[in-house]
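Listed in order, the protein sequences are those of chains A and B. With the working numbering, letter number 427 in the first sequence gets 427, and the count goes up by one each step, no holes. With the working numbering, letter number 147 in the second sequence gets 147, and the count goes up by one each step, no holes.
If you are wondering where the hints come from, they were derived from the structure by calculation, not from laboratory data. Misleading hints may appear alongside valid ones.
[Said to hold, decoys possible] Below, in silico cross-link-like pairs of lysine-lysine (DSBU-like), each with a Cα-Cα straight-line distance of 35 angstroms or less:
{"#": "1", "chain 1": "A", "residue 1": "Lys421", "chain 2": "A", "residue 2": "Lys352"}
{"#": "2", "chain 1": "B", "residue 1": "Lys25", "chain 2": "A", "residue 2": "Lys290"}
{"#": "3", "chain 1": "A", "residue 1": "Lys421", "chain 2": "A", "residue 2": "Lys287"}
{"#": "4", "chain 1": "A", "residue 1": "Lys210", "chain 2": "B", "residue 2": "Lys138"}
{"#": "5", "chain 1": "A", "residue 1": "Lys27", "chain 2": "A", "residue 2": "Lys287"}
{"#": "6", "chain 1": "B", "residue 1": "Lys160", "chain 2": "B", "residue 2": "Lys139"}
{"#": "7", "chain 1": "A", "residue 1": "Lys27", "chain 2": "A", "residue 2": "Lys319"}
{"#": "8", "chain 1": "A", "residue 1": "Lys352", "chain 2": "A", "residue 2": "Lys290"}
{"#": "9", "chain 1": "B", "residue 1": "Lys139", "chain 2": "A", "residue 2": "Lys7"}
{"#": "10", "chain 1": "B", "residue 1": "Lys167", "chain 2": "B", "residue 2": "Lys25"}
{"#": "11", "chain 1": "A", "residue 1": "Lys210", "chain 2": "B", "residue 2": "Lys160"}
{"#": "12", "chain 1": "A", "residue 1": "Lys210", "chain 2": "B", "residue 2": "Lys94"}
{"#": "13", "chain 1": "A", "residue 1": "Lys319", "chain 2": "B", "residue 2": "Lys138"}
{"#": "14", "chain 1": "B", "residue 1": "Lys139", "chain 2": "A", "residue 2": "Lys421"}
{"#": "15", "chain 1": "A", "residue 1": "Lys210", "chain 2": "A", "residue 2": "Lys27"}
{"#": "16", "chain 1": "A", "residue 1": "Lys287", "chain 2": "A", "residue 2": "Lys7"}
{"#": "17", "chain 1": "A", "residue 1": "Lys7", "chain 2": "B", "residue 2": "Lys138"}
{"#": "18", "chain 1": "B", "residue 1": "Lys138", "chain 2": "A", "residue 2": "Lys421"}
{"#": "19", "chain 1": "A", "residue 1": "Lys319", "chain 2": "B", "residue 2": "Lys160"}
{"#": "20", "chain 1": "B", "residue 1": "Lys25", "chain 2": "B", "residue 2": "Lys160"}
{"#": "21", "chain 1": "B", "residue 1": "Lys160", "chain 2": "A", "residue 2": "Lys7"}
{"#": "22", "chain 1": "A", "residue 1": "Lys27", "chain 2": "B", "residue 2": "Lys160"}
{"#": "23", "chain 1": "A", "residue 1": "Lys27", "chain 2": "A", "residue 2": "Lys7"}
{"#": "24", "chain 1": "A", "residue 1": "Lys7", "chain 2": "B", "residue 2": "Lys25"}
{"#": "25", "chain 1": "B", "residue 1": "Lys165", "chain 2": "A", "residue 2": "Lys7"}
{"#": "26", "chain 1": "B", "residue 1": "Lys167", "chain 2": "A", "residue 2": "Lys7"}
{"#": "27", "chain 1": "A", "residue 1": "Lys421", "chain 2": "A", "residue 2": "Lys319"}
{"#": "28", "chain 1": "A", "residue 1": "Lys421", "chain 2": "A", "residue 2": "Lys27"}
{"#": "29", "chain 1": "B", "residue 1": "Lys160", "chain 2": "B", "residue 2": "Lys138"}
{"#": "30", "chain 1": "A", "residue 1": "Lys27", "chain 2": "B", "residue 2": "Lys139"}
{"#": "31", "chain 1": "B", "residue 1": "Lys165", "chain 2": "B", "residue 2": "Lys139"}
[To be verified] To give an idea of the interface, some chain B residues facing chain A are shown, with a C-beta separation under 8 angstroms as derived from the structure:
{"#": "32", "residue": "Asn12"}
{"#": "33", "residue": "Thr63"}
{"#": "34", "residue": "Ile111"}
{"#": "35", "residue": "Leu112"}
{"#": "36", "residue": "Arg127"}
{"#": "37", "residue": "Asp133"}
{"#": "38", "residue": "Pro134"}
{"#": "39", "residue": "His166"}
{"#": "40", "residue": "Gln169"}
We put the beta carbon where it would ideally sit given N, CA and C, even for glycine.
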Amino acid sequence: MEEEIRKDIAWAQINRDVLDSMMAPRKTYWVIIALCLSIVSVGVYAEIHQYNTGMGEAQLNRPQMWGLYIANFIFWVGVSHAGTLLSAALFLTNTEWRRPVYRSAEAMTSVALLTAAIFPVIHLGRVWDLYWVLPYPNERGLWPNFRSPLLWDMAAIFTYLTSSMLFLYYGMIPDLAISRDNARGWRRRLYGWMALGWAGTDRQWRNFRKGYLLLACFLLPLAVSVHSIVASDFAMSIMPGWHVTSLPPYFVAGALYSGCAAIITLYIILRHTFRYEEYLTLPILDKLCKLTFAIAMIWVYLNLIEFASVWYGHDMYEKEVLIEKAMGPYAPFWWAMIILGFGLPFILVIKKVRRNMIALIITSMLINIIMWLERWMIVSPTLARNHEPFSWGYHWPGWVELSITLASFAWFTMLFLIFVKIFPSISMYEVKEMLYHRRHVSDRLVRDLPETESVPVKE
Amino acid sequence: MNNRHRLFALFNNFEEVREAIIELKVMDLREGGVEEMSMKSPIPHPDLEEVIGARPVYVQRYTFFGALFGMIGGFLLTAALSQSTFSVQPQGGKPVIPIPVDLVIMYEGTILFGVLFTVAGFLIGARLLRRADPLHSKKVSEDQVGLLVEVQESHYERVKELLWKHKAQEIMEDES
Chain A
1 MEEEIRKDIA WAQINRDVLD SMMAPRKTYW VIIALCLSIV SVGVYAEIHQ
51 YNTGMGEAQL NRPQMWGLYI ANFIFWVGVS HAGTLLSAAL FLTNTEWRRP
101 VYRSAEAMTS VALLTAAIFP VIHLGRVWDL YWVLPYPNER GLWPNFRSPL
151 LWDMAAIFTY LTSSMLFLYY GMIPDLAISR DNARGWRRRL YGWMALGWAG
201 TDRQWRNFRK GYLLLACFLL PLAVSVHSIV ASDFAMSIMP GWHVTSLPPY
251 FVAGALYSGC AAIITLYIIL RHTFRYEEYL TLPILDKLCK LTFAIAMIWV
301 YLNLIEFASV WYGHDMYEKE VLIEKAMGPY APFWWAMIIL GFGLPFILVI
351 KKVRRNMIAL IITSMLINII MWLERWMIVS PTLARNHEPF SWGYHWPGWV
401 ELSITLASFA WFTMLFLIFV KIFPSISMYE VKEMLYHRRH VSDRLVRDLP
451 ETESVPVKE
Chain B
1 MNNRHRLFAL FNNFEEVREA IIELKVMDLR EGGVEEMSMK SPIPHPDLEE
51 VIGARPVYVQ RYTFFGALFG MIGGFLLTAA LSQSTFSVQP QGGKPVIPIP
101 VDLVIMYEGT ILFGVLFTVA GFLIGARLLR RADPLHSKKV SEDQVGLLVE
151 VQESHYERVK ELLWKHKAQE IMEDES
């Protein structure tokens, strides 16, 4: 197994490694970008078709008014969670291995939120009326009603997007200054403008540290609150299967589960395409896998208590939805979600898998497909079996919805890869700081070791 | 009037900077002459910052007032919009200002404005968005530590000598 980042690596070398890799990634990078671009084009075509033809193309009709678009929305909000939440939590607990990986995880958060933000707009149908949700004075008296969880949702996601992007940018300022000092042409202008005149003075570092700590303190509860509020879109209704107290923590655990799996996927892609083997090491990946396993077990537990509370609660409507999920037309998807969602994380327990890039990328992508299925299984079965039998009906996505869904995955990957090509995805100053402390702590330990008297060996 | 000189010395490591700062401080205590001292480094170094001396950080005050502003703003927004909706739709016995709703928006407002004000506080406190200092070296963003000293002309030569003595690799100057 590869060791941790070498202690004796020169600081100037760290700058060169990161900045050179940004300039010249492997060919795989361009292959993935081309593939993503072609899939996004299909999605754009599907959206144009839906725009011209109407929302009927997306199979949206009573009672299935939400369909795949809202399932996609909650899936992408979920994926966004792990990045900032883990970054803030690991920062507050002073976890060393966070340093090389947190930037890409935070970037994933912002990119996933930008992907999620597309779906309410697509689902709206009348895209041109989007501004109606904004609280602005107007002659029609159309004030948004903040009693609706949908408005809480908008407020929470807007706060999360703004705060996550600022958190990402804030942590990147010293690295932007490094990039400014080493770049040429448009990159130099861009980094120079974004570095805001950072010079690394002690005054700047003192303020930086304090501010970063405060931001991390805000981001941690914010991340938890956002997915709880998304869960409130469902839990605040009286629909069977949604009106459950444990739904918010269930959403948060599911979000972290899929988010951690997405971090593993992107970690492997980044490590390969940008030649970051020296910095994105296998021991870090190993820890990420263990973390994913632990979070998966929380998700499994929350699933089980949800089933138990529905089953023993004896509410006939709730029970009906659960039976419908297990035995109705959605059963293959639901069972796939349960069996694979419960079973796949156990693969991560095997040490050999945690060292095998191919096995890990397949497992992490499968976990995300399963978690996407889970989101669909939250939305559609409940709407299919609501309180009113006369309006029961199933939802099967057509080519338009599936194309747009697939395009969202490609869009997410493409945005992430563009970000890491333009901005340093490994925090250079934090890696230097980590190595500096590691070197000094080990030097100090060696220096401070008490001189032990040699014990004579008994003959 | 005594002219001031700004000297910017680059060192290979933090230990040398520490020694230089301590000696400069001793010299300043005995006979004055050092107006201002600061360090430019590729990574934060809280121990050395302490040696340089206390510089108060006020970011947390901005955070506090931002969070307070967001919390009150969140309440006012929901309360005001409830009132405006009230004039259009009869509420049927529901409270005009609903507290649970207020709490959610107040919570988000607290965090949003807390974050925004924290960033603003950092920009102001760190003195960013100002004209670039001519005494800057690319080497600081790589692996060298810079010590910026503002001295009176009377002590200029001695300080420069002291910096060389502590193995400064390069000294840049600026006269004001």
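The hints, checked one at a time:
At roughly 31 angstroms between alpha-carbon atoms, A/Lys421 and A/Lys352 fall within 35 angstroms of each other, so this suggested pair holds. Restraint check for B/Lys25 and A/Lys290: not satisfied, since their Cα atoms lie roughly 50 angstroms apart, outside the 35 angstroms limit. With a CA separation close to 26 angstroms, the supplied pair A/Lys421 and A/Lys287 stays within the 35 angstroms bound. Between A/Lys210 and B/Lys138, the direct Cα distance comes to roughly 25 angstroms. Compliance with the 35 angstroms bound is thereby established for this hinted pair.
At most 35 angstroms may separate the alpha-carbon atoms for a hinted pair to count; A/Lys27 and A/Lys287 meet this at roughly 29 angstroms. Annotation: proposed proximity of B/Lys160 to B/Lys139 holds, straight-line Cα distance about 20 angstroms (limit 35 angstroms). With a CA separation close to 53 angstroms, the supplied pair A/Lys27 and A/Lys319 exceeds the 35 angstroms bound. Distance restraint check for A/Lys352 and A/Lys290: the Cα-Cα separation of roughly 13 angstroms lies within the 35 angstroms cut-off, and the hinted pair is therefore satisfied.
Note on B/Lys139 and A/Lys7: the hinted pairing holds, with a Cα-Cα distance of about 20 angstroms set against a maximum of 35 angstroms. Distance hint between B/Lys167 and B/Lys25 is fulfilled; the C-alpha atoms sit about 17 angstroms from each other, no more than 35 angstroms. With a C-alpha separation of about 33 angstroms, the suggested pairing of A/Lys210 with B/Lys160 holds against the 35 angstroms cut-off. For the hint pairing A/Lys210 with B/Lys94, the CA-to-CA distance comes to about 44 angstroms; that exceeds 35 angstroms, so the pair is violated.
With a CA separation close to 67 angstroms, the supplied pair A/Lys319 and B/Lys138 exceeds the 35 angstroms bound. Between B/Lys139 and A/Lys421 the CA atoms are separated by roughly 24 angstroms; this keeps the pair inside 35 angstroms, and the hint holds. Restraint check for A/Lys210 and A/Lys27: the C-alpha separation of about 41 angstroms exceeds 35 angstroms, so the hint is violated. The suggested pairing of A/Lys287 with A/Lys7 holds, with an alpha-carbon distance near 20 angstroms, which does not exceed 35 angstroms.
With a CA separation close to 23 angstroms, the supplied pair A/Lys7 and B/Lys138 stays within the 35 angstroms bound. Distance restraint check for B/Lys138 and A/Lys421: the Cα-Cα separation of roughly 22 angstroms lies within the 35 angstroms cut-off, and the hinted pair is therefore satisfied. Of the supplied pair hints, the one linking A/Lys319 and B/Lys160 is violated, its CA atoms being roughly 82 angstroms apart against a limit of 35 angstroms. Distance hint between B/Lys25 and B/Lys160 is fulfilled; the C-alpha atoms sit about 14 angstroms from each other, no more than 35 angstroms.
Using a Cα cut-off of 35 angstroms, the hinted pair B/Lys160 and A/Lys7 holds, with the two alpha carbons roughly 34 angstroms apart. Between the alpha carbons of A/Lys27 and B/Lys160 the distance comes to roughly 52 angstroms, so the proposed pair goes past 35 angstroms and is violated. Restraint check for A/Lys27 and A/Lys7: satisfied, since their Cα atoms lie roughly 30 angstroms apart, inside the 35 angstroms limit. For the proposed pair A/Lys7 and B/Lys25, the alpha carbon gap of about 33 angstroms is at most 35 angstroms, so the pair holds.
Of the supplied pair hints, the one linking B/Lys165 and A/Lys7 holds, its CA atoms being roughly 29 angstroms apart against a limit of 35 angstroms. Annotation: proposed proximity of B/Lys167 to A/Lys7 holds, straight-line Cα distance about 24 angstroms (limit 35 angstroms). Proximity of A/Lys421 to A/Lys319 is assessed by CA-CA distance (about 50 angstroms); at most 35 angstroms being required, the pair is judged violated. Our distance criterion of 35 angstroms between C-alpha atoms is met by A/Lys421 and A/Lys27, whose separation comes to about 13 angstroms.
A hinted pair counts as satisfied when its Cα atoms are at most 35 angstroms apart, and B/Lys160 with B/Lys138 qualifies at roughly 21 angstroms. Note on A/Lys27 and B/Lys139: the hinted pairing holds, with a Cα-Cα distance of about 32 angstroms set against a maximum of 35 angstroms. Pair hint B/Lys165 plus B/Lys139 holds up; C-alpha atoms about 20 angstroms apart against a cutoff of 35 angstroms. Taking 8 angstroms as the C-beta cut-off, the interface hint given for B/Asn12 is violated, the closest approach to chain A being about 11 angstroms.
A cut of 8 angstroms between beta carbons decides the hint on B/Thr63: the least distance to chain A is about 5 angstroms, and the hint holds. A hinted interface residue such as B/Ile111 counts as satisfied when its beta carbon comes closer than 8 angstroms to some beta carbon of chain A; here the least separation is about 5 angstroms, so the hint holds. Annotation: interface hint on B/Leu112 holds; nearest CB of chain A at approximately 4 angstroms, less than 8 angstroms. The restraint placing B/Arg127 at the interface with chain A holds, with a minimum CB-CB distance near 6 angstroms, inside the 8 angstroms limit.
Satisfaction of the interface hint for B/Asp133 is found here, the shortest Cβ-Cβ separation to chain A being roughly 6 angstroms, below the 8 angstroms cut-off. Evaluation of the B/Pro134 hint against chain A yields a violated restraint, the C-beta minimum of about 11 angstroms exceeding 8 angstroms. The interface hint given for B/His166 is violated, since its Cβ lies 18 angstroms from the closest Cβ of chain A, which is over the 8 angstroms cut-off. For the restraint placing B/Gln169 at the interface with chain A, the shortest Cβ-Cβ distance is roughly 14 angstroms, beyond the 8 angstroms limit, so the hint is violated.
The structure shown violates the earlier hints numbered 2, 7, 12, 13, 15, 19, 22, 27, 32, 38, 39, 40.
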